[in-house]
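Visitor: If you're matching them up, the sequences are chains E and X in order. For the first sequence, our numbering begins at 17 and goes up steadily by one. For the second sequence, our numbering begins at 825 and goes up steadily by one.
Please note that the accuracy of each hint is not assured.
[Said to hold, decoys possible] What follows is a list of derived Cβ distance ranges for each label pair:
1. E:Ser36 x X:Arg991: 24 to 34 Å
2. E:Phe124 x X:Tyr839: 44 to 54 Å
3. E:Gln192 x X:Phe1132: 46 to 56 Å
4. E:Ala132 x X:Val1163: 32 to 42 Å
5. E:Thr85 x X:His936: 50 to 60 Å
6. E:Gln188 x X:Pro995: 37 to 47 Å
7. E:Phe124 x X:Val1163: 15 to 25 Å
8. E:Lys24 x X:Met1071: 40 to 50 Å
9. E:Phe124 x X:Glu1106: 22 to 32 Å
10. X:Thr1007 x E:Leu70: 27 to 37 Å
11. X:Leu980 x E:Ser36: 22 to 32 Å
The hints are simulated quantities; they were obtained by calculation from the structure and are not laboratory data. By construction, the Cβ of each residue, glycine as well, lies at the ideal position given by its N, Cα and C atoms.
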Amino acid sequence: MRTPYGNKVYGMGAEYPSASALYEAAKMVRDAGFKRWDVHSPFPIHGMDEAMGLGKSWLSAFVLAGGITGLLTAAVLEFGPSSLIYPLIVHGKPRNFFTVPAFFPIMFELTILFSAFTAFFAMLIMNGLPRWYHPVFNWNRFSRATNDGFFLVIEARDQRFTELEAQEILEQSGGQHITIIHED
Amino acid sequence: MSERSDVVPVPEGEYIEPNRFAGLSFILAIVGLIGLALSIVGAFVDKHQFSFSWLFAFAFFFTLIAGCFFWIIVHHVTDAEWSVVVRRQLENLAMLMPVMLVFFIPILIFRHHIYDWMNIHPGHDPVLDSKRAYLNWHFFLVRSLFYFAFFICATLLFRRFSIRQDRDGNPGYTINMRKVAFTSLPLFALSLTFGAYDWLLGVDYHWFSTMWGVYIFAGAAGSSMSLLVLVITGLRNAGYLKETVTMEHYHIMGKWMLSFVVFWAYIGFSQYMLIWYANMPEETEYFIRRNTESWNAMSLFLVIGRFFIPFTILLWRSPKKSARKLCLIAGWLVFMQLVDIYIVILPMLYRTGLHVTVWDFLPLIGMGATLAFVFLRIAARTSLFPNRDPRLLESLRTTN
Chain E
17 MRTPYGNKVY GMGAEYPSAS ALYEAAKMVR DAGFKRWDVH SPFPIHGMDE
67 AMGLGKSWLS AFVLAGGITG LLTAAVLEFG PSSLIYPLIV HGKPRNFFTV
117 PAFFPIMFEL TILFSAFTAF FAMLIMNGLP RWYHPVFNWN RFSRATNDGF
167 FLVIEARDQR FTELEAQEIL EQSGGQHITI IHED
Chain X
825 MSERSDVVPV PEGEYIEPNR FAGLSFILAI VGLIGLALSI VGAFVDKHQF
875 SFSWLFAFAF FFTLIAGCFF WIIVHHVTDA EWSVVVRRQL ENLAMLMPVM
925 LVFFIPILIF RHHIYDWMNI HPGHDPVLDS KRAYLNWHFF LVRSLFYFAF
975 FICATLLFRR FSIRQDRDGN PGYTINMRKV AFTSLPLFAL SLTFGAYDWL
1025 LGVDYHWFST MWGVYIFAGA AGSSMSLLVL VITGLRNAGY LKETVTMEHY
1075 HIMGKWMLSF VVFWAYIGFS QYMLIWYANM PEETEYFIRR NTESWNAMSL
1125 FLVIGRFFIP FTILLWRSPK KSARKLCLIA GWLVFMQLVD IYIVILPMLY
1175 RTGLHVTVWD FLPLIGMGAT LAFVFLRIAA RTSLFPNRDP RLLESLRTTN
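Pulled out of the complex, with its shape left as it was, chain X reads as follows (with noise of 0.2 Å):
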């Protein structure tokens, strides 16, 4: 009660000056290009290289990405209360699909340095010859074609009634994004399960794992709602939604994160346990490789740093309702997100230890610059509040 905001939603909303962030989108856009253009030097020195780290950084976005595309449809199925003054962040963040689009381009190109399975004729590996069905190049590429098909198509929906809404307040147009949002929940399912199997699992063709989509999924939810609170924590320093988003909206953010330690910790080690468990050699493959050599090390970083850490803190009432706290463990999940990653692509690379190399930052920094870019660009353009919804009251006054 005591962040309590006793705003009267202002029918114009709130936007950004114009040229608000011209010196930060010049040097984004710079250091954008730079890391791509490097990133395409890259490709020349070591195809090999180049396209697992591009592969790396590419499935680090995209579930953050489709992660807040998860976010907004979970405020449109649950009519949810709350997040209705950050949902417009939701959607500047989901729109930057498009982009993902052509960030995917590459990865089709060198898809025959990423995956074998490419490479292997019908008739030499068993295991894939009943395979084949579903890995095929055809097929494969059908697929990939329908997730963005389906992320972008439903962003834009999304993107789209709620501008219009804003214009002239209409309640039907929360409506229609709710019955796009019970369309997109199953499809959302299929589309990051099967995207996880074909882009991260199709690296190591020969691993079963039923828990994989649901695996990557824990993490892209938990992550990109500490992005989300990032997004916002920034936008506050820069003196926007300051009377909008109060505390109590942070302490909700907070518990979503924790529980999405829990989920993460849960199905990781859910898929861990099973697979140690049976101690078959088909499924051990994957775990003996990442709990071998250097990459032991790294996985006993990511079980500690993702789950006890984060936990331990989250499990607090204090932290959570602190905009600054707060905004440490999301940078901290978030960069955990990123190790995640890291330790299911690159051990396919390097399969015999850890080996950080300047390649494989590249891509990053290339793609994450261009898309923050897009992202103020994008952010711009419309109120940073859905400033007609017609639940924006109840929203500003949450408490829990």
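Looking at chain E on its own, in the form it has when it is part of the complex (with noise of 0.2 Å):
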């Protein structure tokens, strides 16, 4: 979608003037069915996610998967050499299976190392990050939102998007401030 001027729509965004008022914006937004859209507060509003409708994370179960890697990850290494291919008695402890309690401080860390590093980088890729530029920094009054402004954001990428109707149903949540946001 572009401009009349050519340039390149990113979305539509408004400005409220409470979290609490955003919070009800966004339970609109959510049941007229937009799907891309997002919300920017200077901190995060309890009870958010389930008035935007995102559900539960998949983050979880990836740092789940991590930690499962990372356990494997030090079993095999401790187990591997340890019982199977060099075994040494050390200290008049067993060399089977039960020498676990020995093997149990690094199984634990790297278990924590692996769903840390997953939790991290998960993070990042999901969320887009780094990111160096966004198009609602085209938009003068969003620099409030690191400060004082709560914003809703719909995306024109939106299958629902149109300009009549996102400015229809912005203007219904009570939003301000209604504009355009250029892609650069």
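Two chains, two frames, a set of hints: combine them into the complex.
Guide: Have a look at this one:
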């Protein structure tokens, strides 16, 4: 979608006076059936993910997979050399499975390490970060999103997005300073 | 958000109607009396068996009640929002501490059957002689009385401020309770740690473990959170707190249960691994006894039942958001605390292997029924949640 001047349209944004107004607006936009939109506020708003209809994040599943990988890595690295390849009696401890208490700390640590790395990098990838530029910054008022502004932006790539419909829902939900945002 | 409560707090609060639990109270009183009476019969039949069974029941209930006290402190110290609606039940449970003082008397009477170090004269056991400065009868008595004095005074203070706030809603009482909580924080840590040393580790006076206090604490905190879930669910099933405690609160309680399942395992394993790895005779004695003969099966059952099973279940979100499922896990964790205390105490009586007798369960049933009876009496006296707490509204609307 392009404006009459030929600028590519990123979406349409509106500003709300408070966190609770933004919260109510999010519920309306969710119920109107929009899929590609986001809210921006200076601080996290409790219950916003449900008001936006986001559902459960996949991040926890990735972290579980990362954790299990870490656990298995540690198990293989410890039992492989110490029990299979080059078994040694250390401190009179057994060489079979029952030496596992000695291996637990490393299994624990690698589980945590792999989980933490997975959580960190999966979070970055899922959020599309690092990203140095975003079209919403073309909107002058938006700089207040880190201070005292509450914003809702519906993206143009949403299947349901038309200028008229987006403007209507933003007005209905009490949005102010409704603006078309350019892509670049 | 689905379960968000939009109820505006009623200033009157919510009360148990008089005679609502009359039948249950009657049954509990009868069971309690019979249980305690039969325990006393047991004391005449076999003093040794009685004293260990009594200590087992006492330690189980003491850890649960001290754990509830811990959660009151946590609430005030962290200025928690969510736990306002469940705080009164924690106070009611902590108010059982004076009853525990009464139940402590038989331990003092039968001390010579439980604590071997009291029977050994100086000069006969070098290990014990080096510990005499701490392990002597007078100091033991003073310490025990101090623990109880602290727990009871602090609980009564919390209770007093909390009930007065119900009447006039003065936020100053919240500040007062916070002051009590900050004072209690170090005293609680010291009391529970040294209480665990005196009453539980004292049974095996040769053994050393610097992690003992925190091990008992980890079990106490986790199982008392589970007990809270059971009490809240019981009240909800009886038709109370339906609109005050939501699934969001259950979710948070479930998270606490998960964290203390992990913490218990972490501490328990750390204690075990250091001793197993160093392999020094004066330390390994405790675990050798519990990891040989039929005690080994019990120890494995404890590790699997108290860590692996609840951990894998509580890791998922759905069991924490369902009152019925969380209640099942909570009941299991309280049972596991029972098994834990059993493994701590009874191997010192039956040194060769697991030996279940009916005498072990009589003090348990008698004490449990009596405590439940007293709890119902205490709970009926005040509102079931602090109805004028300044943060009640935020607590009702908790989401996470």
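Visitor: The hint says 22 to 32 Å between Leu980 of chain X and Ser36 of chain E; measuring C-beta to C-beta, is that right?
Guide: Cβ of Leu980 of chain X to Cβ of Ser36 of chain E: about 41 Å, so the range 22 to 32 Å is violated.
Visitor: A range of 27 to 37 Å was offered for this pair. Does it hold for the Cβ distance of Thr1007 of chain X and Leu70 of chain E?
Guide: violated, 44 Å
Visitor: Indicate whether the distance between the beta carbons of Phe124 of chain E and Glu1106 of chain X respects the range 22 to 32 Å.
Guide: Since the Cβ atoms of Phe124 of chain E and Glu1106 of chain X sit about 28 Å apart, the hinted range of 22 to 32 Å holds.
Visitor: Given a hinted range of 15 to 25 Å, is it respected by the beta-carbon distance of Phe124 of chain E and Val1163 of chain X?
Guide: Holds - the Cβ-Cβ distance for Phe124 of chain E and Val1163 of chain X, about 24 Å, lies within 15 to 25 Å.
Visitor: Confirm or reject the claim that Lys24 of chain E and Met1071 of chain X have a C-beta distance inside 40 to 50 Å.
Guide: holds, 45 Å
Visitor: Could you check the hint for me, namely that Ser36 of chain E and Arg991 of chain X are 24 to 34 Å apart, CB to CB?
Guide: holds, 32 Å
Visitor: Regarding Thr85 of chain E and His936 of chain X, is the given constraint of 50 to 60 Å on their beta-carbon distance met?
Guide: This hint holds: roughly 56 Å between Cβ atoms.
Visitor: Does the Cβ pair Gln192 of chain E, Phe1132 of chain X satisfy 46 to 56 Å?
Guide: The hint (46 to 56 Å, Cβ to Cβ) holds, given that Gln192 of chain E and Phe1132 of chain X are roughly 55 Å apart.
Visitor: Looking only at beta-carbon atoms, does the pair Ala132 of chain E, Val1163 of chain X fall within the given range of 32 to 42 Å?
Guide: holds, 33 Å
Visitor: Take a look at whether the Cβ-Cβ distance between Phe124 of chain E and Tyr839 of chain X falls inside 44 to 54 Å.
Guide: Since Phe124 of chain E and Tyr839 of chain X have Cβ atoms about 48 Å apart, the given range 44 to 54 Å holds.
Visitor: Taking the Cβ atom of Gln188 of chain E and the Cβ atom of Pro995 of chain X, is their distance within the range 37 to 47 Å?
Guide: Given about 40 Å between the Cβ atoms, the range holds.
Taken one by one, the earlier hints fail for this structure at numbers 10, 11, listed in ascending order.
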